[in-house]
Amino acid sequence: MSFVFGITLLVLGIAFVAIAVQLFLHDKHSYAHNHKITGSLSNAIAGSMNESAATSPDELSKGFTIDTRTGELVPCNQLSRESIN
Amino acid sequence: MAYFGWIPNLRGRLSFSTIGTSTKPYPFEKHNLEHVDIIFHNRTLNDSALPRFVRSILFTNSYFLIRYFFILIQFFYKSETLEKLLYHDGDFIFVYLLDKDNSTVDVLKGKTFVVNSTLTPKESFAPSLIGISTVSFEDACKVLQHVSSLYSTFTIKRNGILELKNFVLKKVENGSLRWVTKEQNCSYQKFKHDTFSQIYYFMKDLCHQHQHHDPKSDTLLPLIEADSSDYLKNMSDGILKSLYRTVLKMRRTHSEEEYYCMQGILMYAKSFRQIAQKIDPELKHPEGFTDLGDENILKSIDAKAGSLKAQKERKKHFISGIPSLMSLSVAFVGITLAFASIVIISGKASEDGTNLEHLKNALSTNSVSIAESILSNPLEILIYIGSILLLLWFLVSDYFRESKFVLDIKRIAYSFKHQRITAIFLGITGFIIIVSAIFILDLNILLSAIENFTSQLESISLSDIKDIVIKALST
Numbered sequence: 013m014s015f016v017f018g019i020t021l022l023v024l025g026i027a028f029v030a031i032a033v034q035l036f037l038h039d040k041h042s043y044a045h046n047h048k049i050t051g052s053l054s055n056a057i058a059g060s061m062n063e064s065a066a067t068s069p070d071e072l073s074k075g076f077t078i079d080t081r082t083g084e085l086v087p088c089n090q091l092s093r094e095s096i097n
Numbered sequence: 144m145a146y147f148g149w150i151p152n153l154r155g156r157l158s159f160s161t162i163g164t165s166t167k168p169y170p171f172e173k174h175n176l177e178h179v180d181i182i183f184h185n186r187t188l189n190d191s192a193l194p195r196f197v198r199s200i201l202f203t204n205s206y207f208l209i210r211y212f213f214i215l216i217q218f219f220y221k222s223e224t225l226e227k228l229l230y231h232d233g234d235f236i237f238v239y240l241l242d243k244d245n246s247t248v249d250v251l252k253g254k255t256f257v258v259n260s261t262l263t264p265k266e267s268f269a270p271s272l273i274g275i276s277t278v279s280f281e282d283a284c285k286v287l288q289h290v291s292s293l294y295s296t297f298t299i300k301r302n303g304i305l306e307l308k309n310f311v312l313k314k315v316e317n318g319s320l321r322w323v324t325k326e327q328n329c330s331y332q333k334f335k336h337d338t339f340s341q342i343y344y345f346m347k348d349l350c351h352q353h354q355h356h357d358p359k360s361d362t363l364l365p366l367i368e369a370d371s372s373d374y375l376k377n378m379s380d381g382i383l384k385s386l387y388r389t390v391l392k393m394r395r396t397h398s399e400e401e402y403y404c405m406q407g408i409l410m411y412a413k414s415f416r417q418i419a420q421k422i423d424p425e426l427k428h429p430e431g432f433t434d435l436g437d438e439n440i441l442k443s444i445d446a447k448a449g450s451l452k453a454q455k456e457r458k459k460h461f462i463s464g465i466p467s468l469m470s471l472s473v474a475f476v477g478i479t480l481a482f483a484s485i486v487i488i489s490g491k492a493s494e495d496g497t498n499l500e501h502l503k504n505a506l507s508t509n510s511v512s513i514a515e516s517i518l519s520n521p522l523e524i525l526i527y528i529g530s531i532l533l534l535l536w537f538l539v540s541d542y543f544r545e546s547k548f549v550l551d552i553k554r555i556a557y558s559f560k561h562q563r564i565t566a567i568f569l570g571i572t573g574f575i576i577i578v579s580a581i582f583i584l585d586l587n588i589l590l591s592a593i594e595n596f597t598s599q600l601e602s603i604s605l606s607d608i609k610d611i612v613i614k615a616l617s618t
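As you go down the protein sequences, you meet chains S and C in turn.
The numbering of the first sequence is this note's numbering, which starts it at 13 and goes up by one.
The numbering of the second sequence is this note's numbering, which starts it at 144 and goes up by one.
Simulated from the structure, these hints should not be mistaken for laboratory data.
Heads up, the beta-carbon is just placed ideally off N, CA and C, and yes, glycines get one too.
The reader is advised that the hints may include incorrect statements.
Label pairs and their calculated CB-CB ranges [claimed, not checked]:
(1) S:G83 <-> C:K455: 46 to 52 Å
(2) S:L37 <-> C:I200: 49 to 55 Å
(3) S:S42 <-> C:R156: 37 to 43 Å
Work out the full structure: start from the sequences and follow the hints.
Right under this line is the structure:
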């Protein structure tokens, strides 16, 4: 069990370092573009985006969620998969 | 008013028999009954960058107390993010119900329903549909209308034109519609359009294999709101504009695959133009969307794809070293094992008074204990080295770069303003995780090494080892 856990952690750790290296070497303007449309940490974890920064309709994924307390439909415009580069 | 969309196909003849057989983006569950066809599809419309299990533990699962801590925070400090994470659920089951009795060879008719799978699990309503092989379309509708949040009727023509109408949106409070979203000028009408776009994406996934784009991308083609009498002009402009925008956007990428996909998308544009022309021979497309420049684009695609292919060959050359690395790891383990055997034998031999004393003295105590642990766990060492090399190979591949995990981590990383600080923070986090992993793995290997080695020492006598070595040397 600890072997599997250890190997999983190792994979995660190396993946984090690899992403860190990629980010470190990433083009500054591309980073600025991505930062602009992601907006904030709260947007990223809630599955939202900075809608006003979207430059074309295909950056917006139009959807909906449901409020589990009332069963009411709620709009949910999200960052589409193609808009991160 | 109705909504119109196009399900891409190349010959103007959409295959009805393959509906529901696609596995992209996720598999469908199809039931072929006497009067109806029913297809279920699980679709998640919440696009949080947090992994699903983390979201469940922190925000949605009542068994974990931390959820109540966030509910308390939300009670005192109203946060849009917490509201979404705690209470808004994006897990839905989309249901396609085909009315076989009213469909023909060239036109399919039926209804689509959207059911929230958290509030109404599939098991609670599906048996009353698929459990009765002779269930009628009307009876199936009654069951599904009762449990669904929204539904509409659909008509699919052989040329791929989809018409959605008779919409019903249940439980929407107009007044509080947009408080969780940033957009200010959203009307009920726009929300309705966005909502039914998701039904269009579902129908598109159902009937179409996504040959030339990422199966998870849903924004490539628009859903057009129009009257049944004059839909073609609006639809044609919207679809061609969207397809050409996609092509131009793909041209900015540096992927050979995307360049070949561009060719496919241009073929879709050509196919749609032919279909529209067939429906209305008088139809005129706007100047920017005729096929005049298509040939130039195709030649440009060929040139760029060739250049990218050459670059890829260089990368391939680099990656082809990976199998050699694997062989190297096996050779390394072999050499290490041989070395470890010599070290242990030398230690034993010197205890026995033989002439290998000089070798024992030349080696530090640490190297002897390391050699012992290596010799006791040859399989584990091979697995470690093999895993690490495989991992390195995976990290340089496109599969890793394009995985959802990496995209989500990047989305979180992009949310911070300073690129370098974020990269350093991520790097340090990764380093801490690696150190923890090594600690866990080492602890494991050391314990088993000590245990194995002591038991082996007890069972094997020195004369046995000497006999084996002498026998091996003489042969």
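Tested hints:
1. S:G83 <-> C:K455: 46 to 52 Å: Holds: the Cβ-Cβ distance is about 51 Å, inside 46 to 52 Å.
2. S:L37 <-> C:I200: 49 to 55 Å: 33 Å, violated
3. S:S42 <-> C:R156: 37 to 43 Å: 42 Å, holds
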